[in-house]
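S.K.: Read off the chains here:
There are 2 protein chains.
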Amino acid sequence: MELLKQKILSEGTALSESVLKVDNFLNHQIDPELMVEIGKEFKNYFSDKNITKILTLESSGIAPSVMAGLELGVPVVFARKRKSLTLNEDLLTAEVYSYTKQETSNIAVAGKFLKKDDNVLIIDDFLANGEAANALINVVNQAGANISGIGIVIEKAFQKGGTALREENYDVYSLARIESLENGEIKFLSEAVQ
Amino acid sequence: MELLKQKILSEGTALSESVLKVDNFLNHQIDPELMVEIGKEFKNYFSDKNITKILTLESSGIAPSVMAGLELGVPVVFARKRKSLTLNEDLLTAEVYSYTKQETSNIAVAGKFLKKDDNVLIIDDFLANGEAANALINVVNQAGANISGIGIVIEKAFQKGGTALREENYDVYSLARIESLENGEIKFLSEAVQ
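Just so you know, the protein sequences line up as chains W and F, in that order.
Numbering-wise, full-length UniProt numbering puts 30 at position 30 of the first sequence, and it's gapless, one number per residue.
Numbering-wise, full-length UniProt numbering puts 87 at position 87 of the second sequence, and it's gapless, one number per residue.
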């Protein structure tokens with residue numbers, strides 16, 4: 001997605017060889033117009049999958065997911081990173097380790113929001129080692145629902161998550177794939193998509 | 001906002017005299033179409049305020065804020081509930097106590113996203129005792145920016161937050177104002193707006 005790549009080049013920062021900072025438009029400040037375009041891109045790619053629900057993880061996955069949900073005409077469920085007092089019924093849970101935050105947290109989704117006949121599109125802002133995506137996959141599997149695809153805004157293609165998920169035959173669509181962040185320089189994989 | 005009130009009546013649950021569960025469309029599962037209408041409603045009310053930025057709090061404030069940001073043509077900043085490793089620069093912080101979760105957390109906004117000449121619209125999903133709104137106000141004040149208004153999706157008008165903020169002359173616009181949740185029944189204030 002050319003618009004996204006341009007945004008990453010002009011406003012993103014390679015903080016280290018593995019950390020890309022995009023807090024200007026994605027995960028702290030959000031550019032709503034860009035989110036609309038991201039939503040359209042996911043809709044175009046997944047439009048023939050009969051998606052019935054989008055599942056994401058709070059917080060940075062919410063904005064792109066809501067725009068994709070609007071385009072696809074389906075509700076969005078965001079997994080919560082821990083139990084709150086108003087989430088007291090049957091919960092689907094999984095553990096996720098964050099390399100960025102260096103901590104393990106639990107994610108939880110109310111069972112009533114994922115059903116056996118759902119075709120779920122998992123969306124997240126980043127894909128690196130695949131920890132968050134695998135936790136979301138785990139939750140969908142617990143519900144017995146179908147995983148129709150995985151939509152990622154930015155994939156760090158030099159980390160193992162994307163390769164592993166594709167080897168498991170998930171349909172992973174990443175809007176921007178970073179080849180390297182070495183020497184403070186952001187390089188994309190030459191291929192445009194997938 | 002009639003559509004929102006109907007949604008609250010048909011899908012919301014009064015869990016107790018003070019807790020309204022709306023996880024079906026607002027704070028766990030999200031209805032994207034409803035968010036669009038909420039965004040339009042905030043735009044209509046605050047369109048003459050020359051808003052330059054929306055400030056909200058993760059996670060449930062994000063969806064309505066992004067739609068309002070899209071309508072108003074401004075970026076959305078969401079305060080984070082704790083520091084993450086990629087938020088290491090100058091931070092504006094405040095404490096917020098959650099009655100629902102019964103815990104105090106810190107919220108943080110990168111200083112670069114709020115400037116003295118910003119006209120800030122604060123948006124949140126709920127207004128009860130005003131803890132979250134006051135923390136966001138605190139952050140905007142630290143930046144020396146102007147608070148142009150406060151947009152709330154659901155106000156629990158039987159709690160003190162809304163009254164206190166209006167007494168301090170903030171322009172608080174709540175799309176639905178709950179008068180009472182007694183006996184499991186959801187009652188709205190008879191006035192339609194404000």
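Hints in this document: simulated from the structure, not taken from any laboratory.
Quantities reported herein were computed from a predicted structural model and do not represent experimental measurements.
Hints may be right or wrong, so weigh each one.
DSBU-like, lysine-lysine: derived pairs with alpha carbons at most 35 Å apart [as the list claims (entries may be wrong)]:
id, chain 1, residue 1, chain 2, residue 2
1, F, Lys-40, F, Lys-81
2, W, Lys-116, W, Lys-7
3, F, Lys-81, W, Lys-101
4, W, Lys-187, F, Lys-115
5, W, Lys-81, F, Lys-116
6, F, Lys-21, W, Lys-115
7, F, Lys-160, W, Lys-40
8, F, Lys-112, F, Lys-187
9, F, Lys-115, W, Lys-160
10, F, Lys-116, W, Lys-7
11, W, Lys-112, F, Lys-5
12, W, Lys-116, F, Lys-5
13, F, Lys-5, F, Lys-49
14, F, Lys-5, W, Lys-21
15, W, Lys-160, F, Lys-81
16, W, Lys-21, W, Lys-5
17, W, Lys-112, W, Lys-40
18, F, Lys-116, W, Lys-43
19, W, Lys-101, F, Lys-101
S.K.: If a hint holds in the structure, say so; if it doesn't, say that too.
M.R.: Hints, one by one, checked against the model:
no., hint, result
1, Lys-40(F) with Lys-81(F), "holds, 27 Å"
2, Lys-116(W) with Lys-7(W), "violated, 38 Å"
3, Lys-81(F) with Lys-101(W), "holds, 13 Å"
4, Lys-187(W) with Lys-115(F), "holds, 32 Å"
5, Lys-81(W) with Lys-116(F), "holds, 34 Å"
6, Lys-21(F) with Lys-115(W), "holds, 20 Å"
7, Lys-160(F) with Lys-40(W), "violated, 42 Å"
8, Lys-112(F) with Lys-187(F), "violated, 42 Å"
9, Lys-115(F) with Lys-160(W), "violated, 39 Å"
10, Lys-116(F) with Lys-7(W), "holds, 25 Å"
11, Lys-112(W) with Lys-5(F), "holds, 22 Å"
12, Lys-116(W) with Lys-5(F), "holds, 30 Å"
13, Lys-5(F) with Lys-49(F), "holds, 26 Å"
14, Lys-5(F) with Lys-21(W), "violated, 39 Å"
15, Lys-160(W) with Lys-81(F), "holds, 29 Å"
16, Lys-21(W) with Lys-5(W), "holds, 13 Å"
17, Lys-112(W) with Lys-40(W), "holds, 28 Å"
18, Lys-116(F) with Lys-43(W), "violated, 39 Å"
19, Lys-101(W) with Lys-101(F), "holds, 22 Å"
Checked against the numbered hints above, the structure breaks hints 2, 7, 8, 9, 14 and 18 and satisfies the rest.
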